[in-house]
Amino acid sequence: MIKSKSTKFGDWVIVFICILLIFICLVPMLNVLARSLSDTKYLIRNEVLLWPKGLNLDAYRTVLGNERYIHSLWYTALLTVGCTVLSLFMTVICAYPLTYDQLKGRKFLNGFILFTMYFSAGMIPHYVMLSNMGMLETVWVLIIPSCLSVYNMIIMRSSFYSVPESLREAAEIDGAGPIRILIQVYLPLSKPVLATLALFYAVGRWNGFSDALLYIKKNRELYPIQLYLYNILQNASSGEAAAQEGFAMPGLSETLKMASVMFATVPILLVYPWLQRYFVSGVTIGAVKG
Amino acid sequence: MSQVQQPSLSREIPRHHTNWKTYLRRYWTLYLLLAIPIAFFVIFRYFPMAYILMAFKKNNIIQPPWLVDWAKNSGFEWFIKAFKDKLFLRALENTIKLNLLDLVCGFPAPILMALILNELAFKRFKKFTQTVLYLPHFLSWIIISSLALRLLADNDGLVNILNKQMTGNPDAVIPFLSNPSWWVGSYIGLGIWKEAGWGTIIYLAALTSISPELYEAAAVDGAGRFRRIWHVTLPGLRPTIVVLLIMRLGYILGSEFDRPLALSNKLVTDVSTELSIYVYQKGINGGGQFSLTTAVGLFQSVVGVLFLFGANFLAKRFGERGIM
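Chains as they are written, first to last, in the numbering used here: chain G, 1 to 290; chain S, 1001 to 1324.
Since the hints were made in silico from the structure, they are not lab data. Be a bit skeptical, because a hint or two may be false.
No farther apart than 27 Å at their CA atoms in a straight line, the calculated lysine-lysine pairs in the DSSO-like style are these [what the hints assert, rightly or not]:
| hint | chain 1 | residue 1 | chain 2 | residue 2 |
| --- | --- | --- | --- | --- |
| 1 | S | Lys1097 | S | Lys1086 |
| 2 | G | Lys8 | S | Lys1123 |
| 3 | S | Lys1058 | G | Lys8 |
| 4 | S | Lys1266 | S | Lys1164 |
| 5 | G | Lys217 | S | Lys1058 |
| 6 | S | Lys1058 | S | Lys1084 |
| 7 | S | Lys1127 | G | Lys8 |
| 8 | G | Lys53 | G | Lys41 |
| 9 | G | Lys41 | S | Lys1164 |
| 10 | S | Lys1127 | G | Lys191 |
| 11 | S | Lys1266 | S | Lys1097 |
| 12 | S | Lys1084 | S | Lys1097 |
| 13 | S | Lys1084 | S | Lys1266 |
| 14 | S | Lys1072 | S | Lys1058 |
| 15 | S | Lys1164 | G | Lys191 |
| 16 | S | Lys1266 | G | Lys218 |
| 17 | G | Lys217 | S | Lys1097 |
| 18 | S | Lys1072 | S | Lys1084 |
| 19 | S | Lys1021 | G | Lys107 |
| 20 | G | Lys107 | S | Lys1316 |
| 21 | S | Lys1316 | S | Lys1086 |
| 22 | S | Lys1164 | G | Lys53 |
| 23 | S | Lys1058 | S | Lys1021 |
| 24 | S | Lys1086 | S | Lys1058 |
| 25 | S | Lys1126 | G | Lys104 |
Covered stretches of chain G (chain S as the covering partner; in silico rule of three or more C-beta atoms under 8 Å from a C-beta of chain S) [what the hints assert, rightly or not]:
| hint | region |
| --- | --- |
| 26 | 29-40 |
| 27 | 62-74 |
| 28 | 102-108 |
Even for Gly, the Cβ is constructed at its ideal location relative to N, Cα and C.
Working from the sequences, and respecting the hints, build out all of it.
What follows is the structure, encoded as structure tokens:
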């Protein structure tokens, strides 16, 4: 590389732009964090910007003492783990057989599955069908209809394709059946993509709320954390809504809302940076083959 | 090219068994595995398609749609009704408007960002920047709507607090979320805030496949930073851009649900109600208009598929790879 003075100056301009981007990304988070740690009286006076004023942890203590909120967090965590495990299982058993060139009917099955990515029946037909199946108002409606994503299946399939054919042949000569080959050869070699897809499925479930909003009306204990938050954030000014969500006070204080938001965000923020190396390759594979 | 043919021993074993019995004995487990996901697709993706029939039948969800009588106007009553409904037309307009704005402003954003990241000379700082830029993708729209409210609200939003302090005028308020036009801008901006960083991943990956020799040749020819970007980097990104653009065009009538639902508020429903929200309100959330909303959903799906194929066809016409 040839470097002149002007390119060095350009480098610093780029660094400056990146710092600006980082700042834009983080400001909303810092603002909410500062508000959640501040004293209400400074909030009302609009004095809290990016640094907490009158530092106190009362809001966090109140949120932790709210049984309904804690229940919602635990329930969503369990739901997320369950959904992720089931989805990974489904994705693997769907993608693996489709990597066999000699599988008869493979082309048709591929098309059969891909078609659902481009054409969907729509919200109401899904709703009416699930209603007829008696799945509304149950926890299953949050797990089963979304347990397999075609997009993620394509990523998995591409990853399986990248395993050298010779490994499979060697295992076949040793007398291993397809399932044994999957468990002993393919899965160990696909750990990075499995980690990526686990992250995608887990984030999807943790952040998802529209299915709960559509399919669950009465059983409030089945609300995942995001829908719970939606309810307190939308109606928080009324004391009734606050009481319904387990906060015994007229209206929700600002800091309390912010603390609730922080609790629902932190789990993901703790996880994703460690998986960055993996999901970057996962996204890339999906894009190439999609 | 070797002229001597290598005698291969293992290859003599025939790999493809034409004999059905041998084939099934060997691979039946694969079909067993596939049976579960295929059953999933049949039940939860294809079976609902039978309920599309509701769009052409009388409004009745107590009986399955194949037993219900046909709707008026040889079954097209609901489509006609929808296109006479002002609320539907507004939702359609909003959907197209917001999607077009997303396309024009949101599509180039990750490309621009990837170009900037690609020019970043410091490796570790680049990695850190990427980690931070991926963060918003992992937040739900509920969380983001809450962040946006604290940031942009009229009275106690961070931006307006600063605005008041700097101008010294307590009435200097920018109505980011309460004025319909400003709201549209906030909606698009928040979309970019959430997904632009994540979108760079694909472009950055595509950039790694550009040969460094091209950059060296450009440098020897005396090309500066901008000419390098224009003549080497961007052409290298073109196939990726086309594929993503096709996908995006197939989505022109698609409407997210979480995003408008979380970001909307009472003051801006005129511009914020997208088709998905219209369907939700008219159908599930008390409206009871199941046939009408099914018809709207079908219209959306069919137009989506047509756009996807059209864009794919055009891309191939212009010599790109396309997606199908």
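Hint by hint, here is what the structure shows:
no. : hint                  : result
1   : S/Lys1097 / S/Lys1086 : 16 Å, holds
2   : G/Lys8 / S/Lys1123    : 15 Å, holds
3   : S/Lys1058 / G/Lys8    : 71 Å, violated
4   : S/Lys1266 / S/Lys1164 : 25 Å, holds
5   : G/Lys217 / S/Lys1058  : 26 Å, holds
6   : S/Lys1058 / S/Lys1084 : 18 Å, holds
7   : S/Lys1127 / G/Lys8    : 20 Å, holds
8   : G/Lys53 / G/Lys41     : 9 Å, holds
9   : G/Lys41 / S/Lys1164   : 19 Å, holds
10  : S/Lys1127 / G/Lys191  : 22 Å, holds
11  : S/Lys1266 / S/Lys1097 : 19 Å, holds
12  : S/Lys1084 / S/Lys1097 : 20 Å, holds
13  : S/Lys1084 / S/Lys1266 : 24 Å, holds
14  : S/Lys1072 / S/Lys1058 : 8 Å, holds
15  : S/Lys1164 / G/Lys191  : 53 Å, violated
16  : S/Lys1266 / G/Lys218  : 25 Å, holds
17  : G/Lys217 / S/Lys1097  : 32 Å, violated
18  : S/Lys1072 / S/Lys1084 : 15 Å, holds
19  : S/Lys1021 / G/Lys107  : 21 Å, holds
20  : G/Lys107 / S/Lys1316  : 22 Å, holds
21  : S/Lys1316 / S/Lys1086 : 38 Å, violated
22  : S/Lys1164 / G/Lys53   : 20 Å, holds
23  : S/Lys1058 / S/Lys1021 : 51 Å, violated
24  : S/Lys1086 / S/Lys1058 : 21 Å, holds
25  : S/Lys1126 / G/Lys104  : 47 Å, violated
26  : 29-40                 : holds (count 4)
27  : 62-74                 : violated (count 0)
28  : 102-108               : holds (count 3)
Of the numbered hints stated above, those contradicted by the structure are hints 3, 15, 17, 21, 23, 25 and 27, listed in ascending order.
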